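**Q** Protein chains in written order, with the UniProt record's numbering: chain A, 1 to 383; chain B, 1 to 333.
One thing to keep in mind: the hints can contain errors.
[Claimed, not checked] Here are the simulated lysine to aspartate or glutamate pairs, EDC-like style, with alpha carbons at most 16 angstroms apart:
(1) Lys246/B x Glu316/B
(2) Lys292/A x Asp267/B
(3) Lys245/A x Asp271/B
Honestly, the hints are just simulated from the structure, not real lab data.
Computed from a predicted structure; not experimentally measured.
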Amino acid sequence: MTMDATRMDNSTKQENELLIEVKNLEVRFPIRKKKLFSSEVSYLRAVDDVSFDIRRGETVGLVGESGSGKTTVGRAILRAIDPTAGDVIFHTREHDIYLDELEGEELRRFRKKMGMVFSEGPHSIANMASDILRSFRPRMSLVFQDPYSSLNPRMTVRDIIAEPLVASGMMKNRDKIDQRVRDIASRCKLNLEHLRRFPHAFSGGQRQRICIARALVTRPDFVVCDESVSALDVSIQAEIVNLLKDLQEEMGVAFLFIAHDLSVVAQMSHRVAVMYVGKFVEYAPTESLFYKPRHPYTHALLSAIPTIDPDESFDPIRLEGEIPNPLAAPSGCRFHTRCPYATEQCASEIPTWQEIAPEHFVACHRVDEFDFSRDKQSADTTD
Amino acid sequence: MLKVENLSISFRTDEGLITPVQDIAFEVQPGRTLGIVGESGSGKSISTKALMQLLPGNGIISSEAKILYTDKSGKTRDINRLGKKGRAIRHIRGGEIGMIFQEPMASFSPVYTIGNQMVEAIRLHRNVGRKDARRIAVEMLDKVGISNPEARVDQYPHEMSGGMRQRAMIALALSAGPALLIADEPTTALDVTIQAQVLELMRNLQRDLSMGMIFITHDLGVISHIADDVAVMYLGTIVERGPTDKVIHEPAHPYTQGLIKALPSVDRLHDRLTPIPGDIPSPNDRPTGCPFHTRCTKVIAGLCDQHQPQILQVGEDHTVRCFLHEKQQRASA
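Using the sequences and the accompanying hints, generate a full structural model.
**A** What follows is the structure, given as C-alpha cells:
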C-alpha cells in the first residue's frame with residue numbers, strides 16, 4: 001500500500017493545504033405557482049453568497065436551524081445540486097478543478113471519478129461502472145442521517161461497502177476489493193464475520209458504521225456528514241464521534257460536519273460556521289466561536305443549548321418570533337427581525353462578511369460593539 | 001396524584017410474547033415534574049401510553065399492575081381496572097390527563113382548523129356552548145404565546161410553523177383543563193432557539209396551573225432544566241430514580257453515569273467522549289439478570305448476569321437498582 005504511505009506523509013506535511021474553496025456560492029430553487037393559464041415563478045434562495053474554505057484533513061462544522069440551508073451547501077459542494085452562481089474549487093494535488101463549470105458528460109465523469117455514492121432511496125449505481133481515470137485521487141463522499149433508510153436491504157454488508165469501488169471502476173479484482181473492504185470494515189470496528197449478513201440484522205450504531213465504511217472505502221479526501229449522528233442514541237453517538245475522529249487521524253480525510261446539535265459539532269470540528277436563512281453569519285475556529293462569539297445570533301444559539309449542569313444558569317436569550325421563511329427572506333441583515341440589537345441600518349443594508357480576527361469571520365454591522373465572551377477556563381488556551 | 005406500581009407491559013407478536021416494560025413504579029405529585037429519560041427502545045413512551053390505556057391492540061398490561069390516579073374531585077381510581085373503552089377512561093383521557101406528542105403535525109387532523117379541533121376537545125370535557133368554547137380556545141392560544149390568536153384560531157395546522165404548531169398542541173392539551181400533563185418528547189423536533197421558548201412556556205404554564213407533569217425525553221440537558229425528579233429507564237426498567245440534581249450530580253447507577261459521561265459538551269472541547277460500550281440489546285432477547293450487565297463496566301460476574309437487582313434506597317427519595325450498592329450497604333452495615 002504505497003499510496004497509503006504517501007498519503008499519510010502528505011497529510012502531516014501539509015497541514016494547512018487547501019482542499020475546497022467555496023466562493024460566493026448561491027443556490028436558488030425555482031418555485032412555480034400554477035395559475036389557470038399562466039404560472040408565476042419565484043425563487044427560493046436556499047444559499048446566498050456563501051464563501052469559505054476547507055483544508056485537507058480538517059473538520060468544518062456547519063450549524064444552523066432547520067431551513068437555514070446547511071444541507072444545500074453540503075450537496076452543492078458535492079455537485080449533487082447545481083449551484084446557481086459562485087465557485088466551488090476542489091484543490092487536487094495535480095491541478096485545481098472548477099466544479100461549478102463542469103457540465104454534462106464531464107460532470108458525470110467527475111462524479112464517477114470522485115466515487116460519489118448516493119444510496120439514499122433506490123438509486124441504482126450499478127450502471128455507473130466505468131473505467132475512466134482510476135488514478136485520479138481526489139474523491140468525495142457523503143454519510144446520511146438515517147442509517148435505516150440509506151442501506152439497501154437486499155445487499156450484504158460486504159456488497160454495500162464494496163459498491164463505491166465497483167461503481168467507480170476503481171477496482172475490478174474481487175480479491176483486492178475484498179481486501180479493501182475488510183481493511184476499511186476493521187478500521188470502522190465492524191465484525192468481519194458480519195460482512196456476509198444483511199443490514200436488517202444490525203442496530204443503528206452498527207448501521208451507521210457500515211455507512212461510514214462505505215463512504216471511506218474509496219479513500220476520499222472529503223466527506224460530507226449530513227446529520228450523521230443526530231438520529232443515534234447518546235451512548236452510540238459518542239462512539240461514532242470518536243470513530244470519525246480516529247478515522248480522520250488515520251486517513252487524513254476532511255469532513256464537512258453538518259448538524260443542528262452544537263455540542264456534537266463543538267466536539268468534532270476544528271472550525272465552525274453558523275448559518276442563518278441561507279447566509280453564513282459567523283465562521284471561526286471552534287474555540288473562538290464557542291467562547292468568543294461575535295454575532296448576536298451565534299450568541300443566542302449558544303445560550304439556548306440546555307447544559308446538563310443544573311448549577312450553570314440556563315437563561316436562553318429570547319429570540320422574538322420564528323425563523324423567517326427563506327422565500328421571503330428579510331432585507332438587509334436577515335437576522336434583524338429577531339435580533340435584540342437591530343438598528344435601522346440592519347434592516348436596509350446587508351452586512352459585509354469581514355475577517356475581524358485571524359480566521360474569524362462575521363457578518364454584522366455592529367460587530368465592534370459586542371463582546372459575548374464567556375469566561376471559561378479553556379477560552380484562553382488558543383488564539 | 002398518580003401512583004404506578006408493578007407496571008409491566010407485554011406485546012403479543014409473531015415471535016411470541018415480548019415484554020418491553022418490566023415492573024416499573026413511579027409517582028407524580030401535583031405541581032411537580034417527573035422527567036423520564038431513556039434511549040430508544042427503553043420503553044419510556046409505552047409506559048406513559050399505558051397510563052391512558054392507549055396501548056395498541058396486542059399490548060397487555062400485567063394484571064397485578066396498579067395505576068392509581070386521584071382525580072380533580074379527590075377520588076382515587078385504578079386506571080388498569082377501567083379498561084380501554086367506556087365513559088370513565090374517556091373522561092380521564094384529555095379531561096384529567098392531557099398529552100403532548102413529539103410530532104404535532106401527526107396529532108392534529110389536517111382537514112380541520114385548529115379552532116375546530118380545540119372547540120371539539122373543550123366541549124367534550126367542559127359543559128360549555130360552542131361560542132364559549134371558541135372564546136376559551138382563543139384565550140388558550142393567547143396564553144401559549146401565539147400572536148394574533150383570533151386569526152390563528154381559524155387556520156389549518158399546515159399554515160403554522162413547527163414551533164407554533166407545538167404551541168397550538170400545548171394549547172389543545174391544556175384547553176380541557178387537565179390536572180396532569182404527559183409530554184412525550186415535545187421539543188425533540190424543534191430547533192434549539194424554539195426549544196428554549198417552548199420549555200420556558202411549559203414551565204410557566206405548569207407553575208400557573210399547578211399541574212403535575214411527566215416529561216419524556218432522551219436529552220439529559222433538557223431534563224435537568226425542566227424536571228424536579230428524574231427516572232432513568234433502560235430496557236424497560238427504571239434503573240435509577242431521584243431528585244434531578246441528585247441524579248445528575250451523584251448518579252448511582254453505572255448506566256446513568258455512562259449516559260452523563262457520553263454527553264458531548266461545549267465546555268469540554270478537548271476531551272475524548274466516553275461512549276457506553278456495546279449496543280442496546282433488542283427487547284426480543286433481554287439479557288437475564290440486570291438488563292445493563294452486558295454493557296456495564298462494573299459488572300460482577302455470577303451475580304449481575306444471574307439475578308435481577310432489587311430497588312435500593314441510596315439517599316432521600318433516591319433509589320437505584322444495582323448490586324454495587326447492595327454490596328456497599330452491606331459492607332457499611
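**Q** Against each hint, give a clear statement of whether it holds in the structure.
**A** Hints, verified against the model:
For a cut-off of 16 angstroms, the pair hint linking Lys246/B to Glu316/B stands: about 9 angstroms separates their Cα positions. For a cut-off of 16 angstroms, the pair hint linking Lys292/A to Asp267/B stands: about 13 angstroms separates their Cα positions. A threshold of 16 angstroms between alpha carbons decides the hint, and for Lys245/A with Asp271/B the separation of about 12 angstroms falls inside it, so the pair holds.
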